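Residues per chain are reported as follows:
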Amino acid sequence: MKSNPTYLLNAWYVAALSTEVGPEALFHRTILDTSVLMYRKQDGTPVALHNRCPHRFAPLHLGTRHGDEVACRYHALQFDCSGKCTKNPHGNGHIPQAAQVRQFPLVERFGFLWIWMAEEQPDYERLPDFGPLDEGHPNGIGYTYMHMPVNYELIIDNVMDLSHIDHVHGEIISTRGKLSPVVPKVQELDRAIVARWEWKQTPAMMIFANFLSQPREEADHYFNITWTPPANIQLSVGAVQGEKSFDECIGQYDLHTTTPESQFSTHYFFATRRNHNEEDGEYNAIKIKAMHQAFEDEDGPIIRAVQDEMGTSEFFELDPVLMSNDVAPVKVRRLLKRLIDDEARTNDS
Amino acid sequence: MKSNPTYLLNAWYVAALSTEVGPEALFHRTILDTSVLMYRKQDGTPVALHNRCPHRFAPLHLGTRHGDEVACRYHALQFDCSGKCTKNPHGNGHIPQAAQVRQFPLVERFGFLWIWMAEEQPDYERLPDFGPLDEGHPNGIGYTYMHMPVNYELIIDNVMDLSHIDHVHGEIISTRGKLSPVVPKVQELDRAIVARWEWKQTPAMMIFANFLSQPREEADHYFNITWTPPANIQLSVGAVQGEKSFDECIGQYDLHTTTPESQFSTHYFFATRRNHNEEDGEYNAIKIKAMHQAFEDEDGPIIRAVQDEMGTSEFFELDPVLMSNDVAPVKVRRLLKRLIDDEARTNDS
Amino acid sequence: MKSNPTYLLNAWYVAALSTEVGPEALFHRTILDTSVLMYRKQDGTPVALHNRCPHRFAPLHLGTRHGDEVACRYHALQFDCSGKCTKNPHGNGHIPQAAQVRQFPLVERFGFLWIWMAEEQPDYERLPDFGPLDEGHPNGIGYTYMHMPVNYELIIDNVMDLSHIDHVHGEIISTRGKLSPVVPKVQELDRAIVARWEWKQTPAMMIFANFLSQPREEADHYFNITWTPPANIQLSVGAVQGEKSFDECIGQYDLHTTTPESQFSTHYFFATRRNHNEEDGEYNAIKIKAMHQAFEDEDGPIIRAVQDEMGTSEFFELDPVLMSNDVAPVKVRRLLKRLIDDEARTNDS
Numbered sequence: 001m002k003s004n005p006t007y008l009l010n011a012w013y014v015a016a017l018s019t020e021v022g023p024e025a026l027f028h029r030t031i032l033d034t035s036v037l038m039y040r041k042q043d044g045t046p047v048a049l050h051n052r053c054p055h056r057f058a059p060l061h062l063g064t065r066h067g068d069e070v071a072c073r074y075h076a077l078q079f080d081c082s083g084k085c086t087k088n089p090h091g092n093g094h095i096p097q098a099a100q101v102r103q104f105p106l107v108e109r110f111g112f113l114w115i116w117m118a119e120e121q122p123d124y125e126r127l128p129d130f131g132p133l134d135e136g137h138p139n140g141i142g143y144t145y146m147h148m149p150v151n152y153e154l155i156i157d158n159v160m161d162l163s164h165i166d167h168v169h170g171e172i173i174s175t176r177g178k179l180s181p182v183v184p185k186v187q188e189l190d191r192a193i194v195a196r197w198e199w200k201q202t203p204a205m206m207i208f209a210n211f212l213s214q215p216r217e218e219a220d221h222y223f224n225i226t227w228t229p230p231a232n233i234q235l236s237v238g239a240v241q242g243e244k245s246f247d248e249c250i251g252q253y254d255l256h257t258t259t260p261e262s263q264f265s266t267h268y269f270f271a272t273r274r275n276h277n278e279e280d281g282e283y284n285a286i287k288i289k290a291m292h293q294a295f296e297d298e299d300g301p302i303i304r305a306v307q308d309e310m311g312t313s314e315f316f317e318l319d320p321v322l323m324s325n326d327v328a329p330v331k332v333r334r335l336l337k338r339l340i341d342d343e344a345r346t347n348d349s
Numbered sequence: 001m002k003s004n005p006t007y008l009l010n011a012w013y014v015a016a017l018s019t020e021v022g023p024e025a026l027f028h029r030t031i032l033d034t035s036v037l038m039y040r041k042q043d044g045t046p047v048a049l050h051n052r053c054p055h056r057f058a059p060l061h062l063g064t065r066h067g068d069e070v071a072c073r074y075h076a077l078q079f080d081c082s083g084k085c086t087k088n089p090h091g092n093g094h095i096p097q098a099a100q101v102r103q104f105p106l107v108e109r110f111g112f113l114w115i116w117m118a119e120e121q122p123d124y125e126r127l128p129d130f131g132p133l134d135e136g137h138p139n140g141i142g143y144t145y146m147h148m149p150v151n152y153e154l155i156i157d158n159v160m161d162l163s164h165i166d167h168v169h170g171e172i173i174s175t176r177g178k179l180s181p182v183v184p185k186v187q188e189l190d191r192a193i194v195a196r197w198e199w200k201q202t203p204a205m206m207i208f209a210n211f212l213s214q215p216r217e218e219a220d221h222y223f224n225i226t227w228t229p230p231a232n233i234q235l236s237v238g239a240v241q242g243e244k245s246f247d248e249c250i251g252q253y254d255l256h257t258t259t260p261e262s263q264f265s266t267h268y269f270f271a272t273r274r275n276h277n278e279e280d281g282e283y284n285a286i287k288i289k290a291m292h293q294a295f296e297d298e299d300g301p302i303i304r305a306v307q308d309e310m311g312t313s314e315f316f317e318l319d320p321v322l323m324s325n326d327v328a329p330v331k332v333r334r335l336l337k338r339l340i341d342d343e344a345r346t347n348d349s
Numbered sequence: 001m002k003s004n005p006t007y008l009l010n011a012w013y014v015a016a017l018s019t020e021v022g023p024e025a026l027f028h029r030t031i032l033d034t035s036v037l038m039y040r041k042q043d044g045t046p047v048a049l050h051n052r053c054p055h056r057f058a059p060l061h062l063g064t065r066h067g068d069e070v071a072c073r074y075h076a077l078q079f080d081c082s083g084k085c086t087k088n089p090h091g092n093g094h095i096p097q098a099a100q101v102r103q104f105p106l107v108e109r110f111g112f113l114w115i116w117m118a119e120e121q122p123d124y125e126r127l128p129d130f131g132p133l134d135e136g137h138p139n140g141i142g143y144t145y146m147h148m149p150v151n152y153e154l155i156i157d158n159v160m161d162l163s164h165i166d167h168v169h170g171e172i173i174s175t176r177g178k179l180s181p182v183v184p185k186v187q188e189l190d191r192a193i194v195a196r197w198e199w200k201q202t203p204a205m206m207i208f209a210n211f212l213s214q215p216r217e218e219a220d221h222y223f224n225i226t227w228t229p230p231a232n233i234q235l236s237v238g239a240v241q242g243e244k245s246f247d248e249c250i251g252q253y254d255l256h257t258t259t260p261e262s263q264f265s266t267h268y269f270f271a272t273r274r275n276h277n278e279e280d281g282e283y284n285a286i287k288i289k290a291m292h293q294a295f296e297d298e299d300g301p302i303i304r305a306v307q308d309e310m311g312t313s314e315f316f317e318l319d320p321v322l323m324s325n326d327v328a329p330v331k332v333r334r335l336l337k338r339l340i341d342d343e344a345r346t347n348d349s
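As they're listed, the protein sequences go chains A, B and C. Here the first sequence is numbered in this note's numbering, starting from 1 and rising by one per residue. Here the second sequence is numbered in this note's numbering, starting from 1 and rising by one per residue. Here the third sequence is numbered in this note's numbering, starting from 1 and rising by one per residue.
Just so you know, the hints here were simulated from the structure itself, not pulled from any lab data. Here the structure is a predicted model, which means the values were calculated and not measured. Accuracy of the hints is not assured; some may be wrong.
Put simply, identical chains are the same to the list, so a pair is met inside one copy or across any two.
[To be verified] The calculated lysine-lysine pairs, modelled on BS3-like cross-linking and capped at a C-alpha distance of 30 Å, are:
1. K200 to K87
2. K331 to K84
3. K178 to K84
4. K200 to K289
5. K289 to K87
6. K87 to K41
7. K185 to K87
8. K331 to K87
9. K178 to K87
10. K178 to K289
11. K178 to K287
12. K41 to K337
13. K41 to K287
14. K185 to K244
15. K41 to K185
16. K287 to K244
17. K337 to K84
18. K185 to K287
19. K178 to K200
20. K185 to K337
Let's have the full structure, built from the sequences with the hints guiding it.
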């Protein structure tokens with residue numbers, strides 16, 4: 001039993017898709033068990049505050065905006081975007097020193113809002129770089145969000161071990177049984193785990209075949225996935241034919257990233273940038289919708305069933321039988337645990 | 001965390017509106033975590049019994065009435081209105097001594113049924129006096145009941161600090177910003193907390209304006225609220241114009257009273273008696289319906305959101321920022337806690 | 001509070017009706033808090049496995065059948081009906097020794113699948129004998145299944161004390177008040193509790209009256225019920241007129257048996273074999289449907305209300321008032337507890 005849920009705190013989590021927080025919105029989402037208010041200043045800059053009035057604990061997203069400030073719905077205390085109380089309509093209007101809402105560092109990059117939940121000063125060096133998401137035609141990238149009632153590590157496990165895809169998913173990303181026998185090359189870096197598969201299949205994965213010169217012929221494929229803390233998985237996949245290198249592939253650059261809502265529920269964010277048919281907006285919409293449905297309808301039921309079966313037990317406590325395809329996800333679990341433990345030790349000393 | 005929910009026990013709580021318990025009904029409601037059966041004897045006198053057959057624990061409200069007695073639905077043990085078993089249809093009909101249902105003292109007054117949940121003898125001196133509810137035309141008073149999934153003290157907080165009304169409610173009871181700046185006079189008595197606001201506004205509160213001689217002109221207003229244990233808040237509000245005293249106001253005499261169902265759910269009862277347009281039954285129906293909707297749709301969502309945000313934490317444990325408008329509700333919380341602690345000490349010694 | 005729910009483990013529980021597990025099905029049900037997969041081999045033999053892949057804990061019922069084997073939906077590990085892993089499509093195909101699913105002994109008899117949940121070797125001597133269910137025309141027997149959100153012992157209590165029937169049920173099985181005054185003869189055997197009632201009523205129970213020679217006249221009736229561990233109650237009931245013995249009665253031979261899903265939810269299985277109008281399939285269908293409805297609509301609401309009222313308390317902890325009609329159910333509770341305690345002691349030593 002996880003009695004004390006622990007998360008890696010000195011880290012940047014995705015709090016929202018950029019598009020989820022509209023110009024007028026008081027958007028809220030629970031992140032690492034804490035309710036967070038997000039909104040955009042009039043100049044568009046996003047801000048994040050603890051979604052709790054310090055007076056009587058009403059959530060601020062029920063309130064109203066006044067320019068860049070937010071007034072609580074209950075007694076109209078007003079706060080600026082640093083969380084400082086600027087107005088108390090009661091009595092003589094005195095503002096107690098303690099009338100301060102916690103502000104969370106929030107950075108907008110690559111189509112996501114990244115939040116820093118630790119008490120410690122934010123470490124901007126740790127902001128991840130997913131620059132390729134920003135490069136290319138706007139119709140060449142899609143984003144989506146899913147809520148999953150499972151522990152976030154089960155989603156990381158799912159993506160870190162791609163051997164499931166022929167068994168869980170349908171025709172369009174099938175490797176025709178060629179992926180499972182491949183033992184991925186796994187590298188453990190200081191703060192990253194990388195896994196790479198390469199294989200041949202005939203025809204190519206259906207998502208790529210029609211963009212290759214010989215759609216019905218054999219193609220070389222690769223998957224390259226890189227986990228970085230706390231919960232980002234950058235996945236590249238592509239196919240080439242003939243003597244070309246993977247640098248010339250038909251492929252895509254994806255980001256899977258998860259943010260714990262609580263111990264057993266997770267925000268799952270996804271972005272996919274492709275290097276072909278980039279200007280086709282209709283194709284783009286169909287593609288992101290299909291990927292969203294695959295996560296929801298194919299991975300989702302299995303991962304939820306795994307969570308139900310595990311109950312509140314820890315993964316290793318249940319003695320999983322591990323195989324060659326588990327090397328990458330297990331290395332992620334161990335590295336993440338080491339980082340969390342290190343953080344706890346630092347805080348204790 | 002409230003690990004041991006404690007209520008003030010030597011006290012009278014409202015168990016039901018008089019109208020909720022019809023002549024034939026076996027009405028049941030959970031009060032302070034205990035399921036209570038209420039019904040009326042053939043002469044109309046209401047009675048309250050533990051809603052649990054002592055044989056196999058079936059709730060008695062599933063049973064049937066036999067004159068002033070109630071038979072359990074499961075095995076037909078029959079109980080009189082003192083809770084004594086009067087009939088056992090099984091075997092030789094012997095009635096075990098222990099076949100006794102607990103009876104709760106229950107008194108009907110002011111349109112409510114008041115219950116005494118303590119093991120100790122009821123203290124009839126502590127029955128509150130809300131006599132003005134009984135005085136006047138029957139079309140001059142309205143009653144309503146609401147179930148709220150929150151701790152009852154959050155509802156007391158809401159009523160004891162009326163500074164919320166301009167921010168939470170709509171036009172009809174707006175003070176046009178005049179109430180918030182007023183610091184109420186708060187008096188702490190032996191077993192009561194009183195708060196009083198007086199202010200001027202133009203025009204008067206809309207619920208009163210049309211009954212004043214000059215509906216569009218300035219009027220003097222007052223609120224006077226008196227909390228008494230365990231959870232009664234008597235609220236008087238009125239408006240006058242010219243040199244008149246508040247004794248001559250257009251106003252109303254209300255009772256807000258809450259009864260914990262459990263630690264995090266509450267029965268909220270309300271009565272309002274007005275001193276104007278008393279005979280107008282249609283106006284009366286519209287008015288109580290509007291007030292019910294205001295509690296449900298305006299206070300309700302905020303108080304529920306506060307409870308969600310607080311989770312199972314105690315109010316003071318979360319370090320609320322307190323202001324001049326919090327004096328009355330905080331005094332109530334402290335006095336109530338002192339009374340509960342005193343009671344616990346008495347029981348320990 | 002039952003902090004450690006304990007069940008009798010060295011015992012055969014009904015896991016399913018035979019008809020619930022079709023030839024192609026991957027049927028699953030939680031039994032004693034454990035998810036169990038049941039399916040039939042191609043020769044019809046039923047098998048039961050732990051419904052959990054030992055790799056990443058996906059429930060196997062989401063998977064696919066391959067002849068007598070089952071492949072996990074997540075990563076396609078394949079298991080034979082003994083639970084042995086026979087195929088690993090990943091890497092070099094090596095199958096870890098630990099890749100073994102627990103198999104549960106499962107026996108099909110009397111229209112039910114009986115499961116052995118203990119770690120110990122199954123004791124086939126303890127398989128109960130309800131042979132009369134198998135004797136007679138196929139239209140003379142009906143089966144049904146109900147899910148009840150209550151502790152299973154509350155259902156045993158209900159059946160062991162038939163004095164409730166005139167109070168809970170409608171006309172068709174009414175004894176017209178004659179059953180309640182009868183004190184049943186109760187016998188305590190080594191691993192069984194038997195209770196027997198005999199009485200006269202006019203007319204006979206409606207389910208039997210029309211099959212007797214004088215439908216409107218008095219008839220002798222009996223109930224004979226035998227509880228055997230863990231949770232089987234065999235109930236015989238019949239009516240005769242004149243000088244006939246009960247061997248010549250119009251009657252039926254029923255089995256009520258319950259299997260805990262968890263501490264507070266239960267699988268309730270029922271079979272009824274009658275000795276009259278045996279070939280009438282339409283009558284048979286109406287009869288089993290009526291009995292199902294009686295359990296669901298008449299016993300069900302009361303037993304659920306009892307569970308709600310008891311919360312998580314143990315029955316005896318609440319000091320039930322016991323009467324002559326409680327002898328049989330109380331003896332069952334005590335004997336069952338003794339058997340569970342004996343089992344725990346054996347395991348400790």
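Hint check:
Proximity of K200 to K87 under the C-alpha cut-off of 30 Å is restricted to the inter-copy arrangement: shortest distance 23 Å between copies versus 66 Å within a copy. In this assembly of identical chains, K331 and K84 lie within 30 Å of each other by CA distance solely across copies; the values are 27 Å between and 43 Å within a copy. In this assembly of identical chains, the alpha carbons of K178 and K84 lie at most 30 Å apart only when taken from different copies (25 Å versus 58 Å within one copy). In this assembly of identical chains, K200 and K289 lie within 30 Å of each other by CA distance solely inside one copy; the values are 27 Å within and 59 Å between copies.
With identical chains, the CA atoms of K289 and K87 are never at most 30 Å apart, being 45 Å at best within one copy and 34 Å at best between copies. Only within a single protomer do K87 and K41 lie at most 30 Å apart by alpha-carbon distance; the minimum there is 18 Å, versus 58 Å between protomers. With identical chains, the CA atoms of K185 and K87 are at most 30 Å apart between copies only, with a shortest distance of 23 Å across copies and 59 Å within one. Proximity of K331 to K87 under the C-alpha cut-off of 30 Å is restricted to the inter-copy arrangement: shortest distance 25 Å between copies versus 51 Å within a copy.
Taking the closest pair of Cα atoms, K178 and K87 come within 30 Å of each other only across two copies (16 Å); inside a single copy the shortest separation is 65 Å, beyond that limit. Only within a single protomer do K178 and K289 lie at most 30 Å apart by alpha-carbon distance; the minimum there is 26 Å, versus 53 Å between protomers. Taking the shortest Cα distances, K178 and K287 sit within 30 Å of each other inside one copy (24 Å), while across copies they are farther apart (57 Å). For the identical chains of this complex, K41 and K337 are neighbours neither inside a copy (37 Å) nor across copies (43 Å), given an alpha-carbon limit of 30 Å.
Proximity of K41 to K287 under the C-alpha cut-off of 30 Å is found in neither arrangement, the shortest distances being 32 Å within a copy and 41 Å between copies. In this homomeric assembly, K185 and K244 come within 30 Å of each other (Cα to Cα) only inside a single copy, at 21 Å, whereas the closest approach across copies is 84 Å. With identical chains, the CA atoms of K41 and K185 are never at most 30 Å apart, being 46 Å at best within one copy and 40 Å at best between copies. Within a single copy, K287 and K244 get their C-alpha atoms as close as 26 Å, which meets the 30 Å cut-off; across copies the closest is 74 Å, which misses it.
Neither within a single protomer nor between protomers do K337 and K84 lie at most 30 Å apart by alpha-carbon distance, with minima of 36 Å and 32 Å respectively. Taking CA atoms no more than 30 Å apart as the test, K185 paired with K287 passes inside one copy only; the shortest distance there is 29 Å, against 65 Å between copies. Proximity of K178 and K200 under a CA criterion of 30 Å is satisfied intra-copy only: 7 Å inside one chain copy versus 77 Å between copies. In this assembly of identical chains, K185 and K337 lie within 30 Å of each other by CA distance solely inside one copy; the values are 22 Å within and 57 Å between copies.
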